[in-house]
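Residue numbers (my numbering): 108 to 262.
I should point out that these hints are in silico values taken from the structure, not numbers from a laboratory.
Honestly, I wouldn't trust all of these hints.
[Stated by the list, open to error] List of simulated lysine to any residue pairs, SDA-like, C-alpha gap at most 20 angstroms: (1) K237 to Y248; (2) K246 to L233; (3) K246 to S257; (4) K246 to C260; (5) K246 to Y259.
Given the structure is predicted, the values throughout are model-derived calculations rather than measurements.
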Amino acid sequence: MTVISVLVQISCMSLGQMCLLCSTLNFVNAYKTAPGTVHPATLVSCLPQISSQIQKGQQQCAAEFFQEYCRVLGNTASQYQTQQLIPASCNLSFLQSFFFELRSEVMCSSCDNITSNTTMETILPLHITKGCTVQSFLKDYSNPVELESSYYCSR
Numbered sequence: 108m109t110v111i112s113v114l115v116q117i118s119c120m121s122l123g124q125m126c127l128l129c130s131t132l133n134f135v136n137a138y139k140t141a142p143g144t145v146h147p148a149t150l151v152s153c154l155p156q157i158s159s160q161i162q163k164g165q166q167q168c169a170a171e172f173f174q175e176y177c178r179v180l181g182n183t184a185s186q187y188q189t190q191q192l193i194p195a196s197c198n199l200s201f202l203q204s205f206f207f208e209l210r211s212e213v214m215c216s217s218c219d220n221i222t223s224n225t226t227m228e229t230i231l232p233l234h235i236t237k238g239c240t241v242q243s244f245l246k247d248y249s250n251p252v253e254l255e256s257s258y259y260c261s262r
């Protein structure tokens, strides 16, 4: 571990939380043999070793990369806590600020029963056009739509 990473870990751990830098350094140090400065290329080169979803040398969607990065970072932090390499107070709660719940509801065509589904997402696919506000895009995105075919629940 480099001197910088040790100093950063000491300072953020004394606050009772683990910062992104410490989490990233721990992740990289677990999969990298040579210590050194963490560059984005270093992180990218580590992911294919532990995730078959990220292929080395192939173009990747930035959102998919970020989702996989968060998953791996969370798993690594959890393993470190289990092995008592980092205190239980260190967590990755800051990652939650990148996630949101998306709920969809579908009404049954025969009994009007509503079926709900809630998922955690990091991507909200909005078709952005010039001159409109974010609020109008969100309103349009959340407006009810009619399905192409009728939906019938299991009742």
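(request) Mind listing which of the numbered hints don't hold for this structure, in increasing order? (result) 3, 4, 5
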